[in-house]
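Peer 1: Spelled out from the first residue to the last, the chains are:
There are 4 protein chains.
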Amino acid sequence: MGAGKTKRMPRAVREQQMLDAAVRIFGQRGYMAASMDEIAELAGVSKPLVYLYLNSKDDLFTACIRREARALTEAVRAGVLPGLSADGQLWSGLRAFFDHTARNPDAWRVLHLHARTHGELFAAEVAVMRAEIVAFVTHLIAAAARDAHRDPHLPEGEVAGLAEALVGAAEALADWAGATEGVTAKQAAATLMNFAWAGLGDLMTGRPWSPPEEPEAAPAPETAPEATTAPEPVARAASAQAG
Amino acid sequence: MGAGKTKRMPRAVREQQMLDAAVRIFGQRGYMAASMDEIAELAGVSKPLVYLYLNSKDDLFTACIRREARALTEAVRAGVLPGLSADGQLWSGLRAFFDHTARNPDAWRVLHLHARTHGELFAAEVAVMRAEIVAFVTHLIAAAARDAHRDPHLPEGEVAGLAEALVGAAEALADWAGATEGVTAKQAAATLMNFAWAGLGDLMTGRPWSPPEEPEAAPAPETAPEATTAPEPVARAASAQAG
Amino acid sequence: MGAGKTKRMPRAVREQQMLDAAVRIFGQRGYMAASMDEIAELAGVSKPLVYLYLNSKDDLFTACIRREARALTEAVRAGVLPGLSADGQLWSGLRAFFDHTARNPDAWRVLHLHARTHGELFAAEVAVMRAEIVAFVTHLIAAAARDAHRDPHLPEGEVAGLAEALVGAAEALADWAGATEGVTAKQAAATLMNFAWAGLGDLMTGRPWSPPEEPEAAPAPETAPEATTAPEPVARAASAQAG
Amino acid sequence: MGAGKTKRMPRAVREQQMLDAAVRIFGQRGYMAASMDEIAELAGVSKPLVYLYLNSKDDLFTACIRREARALTEAVRAGVLPGLSADGQLWSGLRAFFDHTARNPDAWRVLHLHARTHGELFAAEVAVMRAEIVAFVTHLIAAAARDAHRDPHLPEGEVAGLAEALVGAAEALADWAGATEGVTAKQAAATLMNFAWAGLGDLMTGRPWSPPEEPEAAPAPETAPEATTAPEPVARAASAQAG
DNA sequence: GATGAATGAGACTTCATTCAT
DNA sequence: TATGAATGAAGTCTCATTCAT
Chain P
1 MGAGKTKRMP RAVREQQMLD AAVRIFGQRG YMAASMDEIA ELAGVSKPLV YLYLNSKDDL
61 FTACIRREAR ALTEAVRAGV LPGLSADGQL WSGLRAFFDH TARNPDAWRV LHLHARTHGE
121 LFAAEVAVMR AEIVAFVTHL IAAAARDAHR DPHLPEGEVA GLAEALVGAA EALADWAGAT
181 EGVTAKQAAA TLMNFAWAGL GDLMTGRPWS PPEEPEAAPA PETAPEATTA PEPVARAASA
241 QAG
Chain C
1 MGAGKTKRMP RAVREQQMLD AAVRIFGQRG YMAASMDEIA ELAGVSKPLV YLYLNSKDDL
61 FTACIRREAR ALTEAVRAGV LPGLSADGQL WSGLRAFFDH TARNPDAWRV LHLHARTHGE
121 LFAAEVAVMR AEIVAFVTHL IAAAARDAHR DPHLPEGEVA GLAEALVGAA EALADWAGAT
181 EGVTAKQAAA TLMNFAWAGL GDLMTGRPWS PPEEPEAAPA PETAPEATTA PEPVARAASA
241 QAG
Chain D
1 MGAGKTKRMP RAVREQQMLD AAVRIFGQRG YMAASMDEIA ELAGVSKPLV YLYLNSKDDL
61 FTACIRREAR ALTEAVRAGV LPGLSADGQL WSGLRAFFDH TARNPDAWRV LHLHARTHGE
121 LFAAEVAVMR AEIVAFVTHL IAAAARDAHR DPHLPEGEVA GLAEALVGAA EALADWAGAT
181 EGVTAKQAAA TLMNFAWAGL GDLMTGRPWS PPEEPEAAPA PETAPEATTA PEPVARAASA
241 QAG
Chain X
1 MGAGKTKRMP RAVREQQMLD AAVRIFGQRG YMAASMDEIA ELAGVSKPLV YLYLNSKDDL
61 FTACIRREAR ALTEAVRAGV LPGLSADGQL WSGLRAFFDH TARNPDAWRV LHLHARTHGE
121 LFAAEVAVMR AEIVAFVTHL IAAAARDAHR DPHLPEGEVA GLAEALVGAA EALADWAGAT
181 EGVTAKQAAA TLMNFAWAGL GDLMTGRPWS PPEEPEAAPA PETAPEATTA PEPVARAASA
241 QAG
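Protein chains in written order, with UniProt numbering: chain P, 1 to 243; chain C, 1 to 243; chain D, 1 to 243; chain X, 1 to 243.
In case anyone wonders, no lab produced these hints; they're calculated from the structure.
As the structure is a prediction and not an experimental result, all values here were calculated from the model.
Accuracy of the hints is not assured; some may be wrong.
[Stated by the list, open to error] Derived DSSO-like pairs: lysine-lysine, alpha-carbon spacing no greater than 30 Å straight-line: (1) LYS47/X - LYS47/P; (2) LYS47/P - LYS57/X; (3) LYS47/D - LYS47/C; (4) LYS57/P - LYS57/C; (5) LYS57/D - LYS57/X; (6) LYS47/D - LYS57/C; (7) LYS47/X - LYS57/P; (8) LYS57/D - LYS47/C; (9) LYS47/C - LYS57/C; (10) LYS57/D - LYS47/D; (11) LYS47/X - LYS57/X; (12) LYS47/C - LYS47/X; (13) LYS57/X - LYS47/C; (14) LYS57/C - LYS47/X; (15) LYS57/X - LYS57/C; (16) LYS47/P - LYS57/P.
[Claimed, not checked] FRET-style restraints, in silico, Cβ to Cβ: (17) VAL128/C - LEU49/P: 39 to 45 Å; (18) GLU41/C - ASP37/P: 40 to 46 Å; (19) TYR51/P - GLN28/X: 26 to 32 Å; (20) ALA12/X - SER46/C: 41 to 47 Å; (21) ALA143/P - ALA78/C: 24 to 30 Å.
No residue lacks a Cβ here, since even glycine has one placed at the ideal position from N, Cα and C.
Model the full assembly from the supplied sequences, consistent with the hints where possible.
Peer 2: What follows is the structure, encoded as structure tokens:
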């Protein structure tokens, strides 16, 4: 039943099918509530085959986490355009992050929700990925500080906290964008960028951060199709990298 | 077994003991991995009594969520000192929030991690609490905007996103403070306050937000026992309401 | 809760309340599915009191069976008018039987359904009652045979079988009357009387049995309010006891 | 354990083994008192396999009822010889009925006792079967009435009652034959046939019904191996179909 | 006379996992 | 490569029954 008799596929392909199914089921049910039966059925194979290839429920979950963690970091890494200023890099990284999470909601749930919920071992897997991202953000913050000619003004531990806050805000907005109708990845990124870079204080005194020109696809920059966050093009000095 | 034979307690007391045990077990294992056996044992009663009083695993979990959600919101509500400026209120609220989560790590895990992980019904329970907090933050942001004489400058939806980001950052910092040795609630609050109010941009140009005078306990403000975040007492205008 | 605080009743009264509740619950749920909790609640007392007075679930069930079996046999015994001919006695006994079962459906279910379903010991209790009734019917049949001047024409074992059949038919009709709207006890009795006394053969050749005059309550015998079974008053010789 | 290790049987076979065991246990203990453990053990398999194949205790019970109800109706249907007169058909049907119930006492208990005792849904399952049999009997009675040239002499509702009485008597006799040493299916059938067709009145005046010639197995009809009920071959007019 | 508090035992059900083919 | 057949272990929940007051 299911997909009929699509038998005899090469191992690598079958494995990916299984992981696809597993990510979906794990993402929707959580680790414990997911059953190997359901995963095998969704993958269109028999349960013993899942065990033959992936060994155990634990290993299967770990494999899911690894694959999706790698996919997410790669997506962000690929999204960050080198050579930009710190805020430009952050902006592009956030865009990539929100794009990826929006496109892979189950994977995002696995990483953000379920992996942290169940067991130190699984949590450690994601912790590695998260640490990598936090490190990247930390580096960006430090770089920005250098750009501002302000030597190690921010103490070590403080920067770590700031990076945590930034990443946490990003995660919450990813959840929020995923749950709220009509919020695009771009809007989420812009909101976060404003929040993080300008801060509420500046936002309220009318000095929001504004995104750089988009060289990617949009041919007509003067009419933003999706209303972005910055109502006033009064760019702050720090973000005007060409200035 | 367990605590010997502390038998025949009035129902109300026993129920609280059970909830205490349940929050602990649920917080450490998650909903599904927690077993009623373990909870009953930790509570020092037999399993049937748990069912007699709390009805089912679902109901027990819901009762935990409700009790802890109420406790957290009450703590925050009680922590926010009325009559302060917007940033003063935010600061005091954050202090209370980080204090409470630091003191009740299992409850925090139940609310933030496990309740959202398992089932729409449980998620809905916390969603109510979270919405309440988000609403409070939203209100603060709007009030601050008014204080800054900038009428509805920030569009509706945008404020919602900012509140989400702020709350998300707070949640992440609560996790982080709970997991990192040597990070106090006060530090976490200060870090977040800086991040949110001043923004990275201002932080790097040397204009951090600074907390108001603490009339509560600290008699000597010039020597902060726990090194707070604000290295330079160059208060921003908005926060210096007395000025 | 429940019936408020109707406390301090004499033991005999309380016991009957408990038996009433038990018969109702047992009758509706069966022995195993009935719970002592439910019985105690319906009786308006606490569970320990039920145990204090009736000792155990088994004993409670046995007490129900005994009380209701005695009530049924007494009702039938009281209904059979002495001095009548055999068919007159059978007719009056059936009337009493169908009346009682119709008025006490739960008791009837306990005796006929549940007591026989659960355990040799309970079955033995009803078996005694049933044997008594079967013996009575057997006696009637034998008496009728004597009246017909046909000495032991029907062999011993055969009469036992006939009595079983007659009682079985009565039981089935009691169930049927209880389940079918608009079938009165009297109709059921008449149907069975016809079936048993005349037999299908005679019924179809137009010689049904007809009930004797009713001296009890009905003042106008020419207009039967409930259409009885005998459409043709062609009484058979055997039933005309006055002849 | 049990029957050693008769492992790896095709599913269809195992299912029948499980149903066999279930009918036996259910028949002896009743629905509620039967435990899945016991059934699985008697079937020689582990409990999970029972659940894998039959899904739940409810479903297992329903499967038992369906299988046995079908078996019983088929047995009766197959036993009724077409082309016979009404009484001939009734006689052959009763023979088949008593044979089947005598040979399958547990199945009979399940259908007659336990299925009606527990839950409307189970009762409905048997009700269908019983209704089918009652309808058959009703049809026979009506056919006999036509044969006797007596047009709709018996009113509609009355025939229903008669059929109920007849079926009820059959059920009681099946129980009785099953419980009484030395009562054969044939004797039970003959007793009921006499009772129903001739009626007590005729029986006592010496005009019993007599069974038709047995073309099946008995070569010597003059010496009945099992003493049948009819002592005198004085056939009644209605039963002598050839005139 | 009456009950709130408490539990040992056992029921149904599910799941991850493995043979044997 | 792939699977139908099978199970040990564990989990949630209910129930009859008893103390201690």
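Peer 1: So, for every hint listed, does it hold in this structure?
Peer 2: Each hint, compared with the structure:
1. LYS47/X - LYS47/P: Holds. LYS47/X to LYS47/P sits at ~20 Å (cutoff 30 Å).
2. LYS47/P - LYS57/X: 25 Å, holds
3. LYS47/D - LYS47/C: 20 Å, holds
4. LYS57/P - LYS57/C: 24 Å, holds
5. LYS57/D - LYS57/X: 24 Å, holds
6. LYS47/D - LYS57/C: 25 Å, holds
7. LYS47/X - LYS57/P: Roughly 23 Å between the alpha carbons, so the hint for LYS47/X and LYS57/P holds.
8. LYS57/D - LYS47/C: 23 Å, holds
9. LYS47/C - LYS57/C: Since the Cα atoms of LYS47/C and LYS57/C sit roughly 11 Å apart, the hinted pair holds (cutoff 30 Å).
10. LYS57/D - LYS47/D: Cα-Cα ~11 Å, so holds.
11. LYS47/X - LYS57/X: 11 Å, holds
12. LYS47/C - LYS47/X: At roughly 25 Å apart (the allowed maximum being 30 Å), LYS47/X and LYS47/C satisfy the hint.
13. LYS57/X - LYS47/C: Within the cut-off at roughly 25 Å; holds.
14. LYS57/C - LYS47/X: Status holds; Cα separation ~25 Å.
15. LYS57/X - LYS57/C: 23 Å, holds
16. LYS47/P - LYS57/P: 11 Å, holds
17. VAL128/C - LEU49/P: 39 to 45 Å: 44 Å, holds
18. GLU41/C - ASP37/P: 40 to 46 Å: 31 Å, violated
19. TYR51/P - GLN28/X: 26 to 32 Å: Given about 40 Å between the Cβ atoms, the range is violated.
20. ALA12/X - SER46/C: 41 to 47 Å: 45 Å, holds
21. ALA143/P - ALA78/C: 24 to 30 Å: Given a distance of about 41 Å, which is not inside 24 to 30 Å, the answer is violated.
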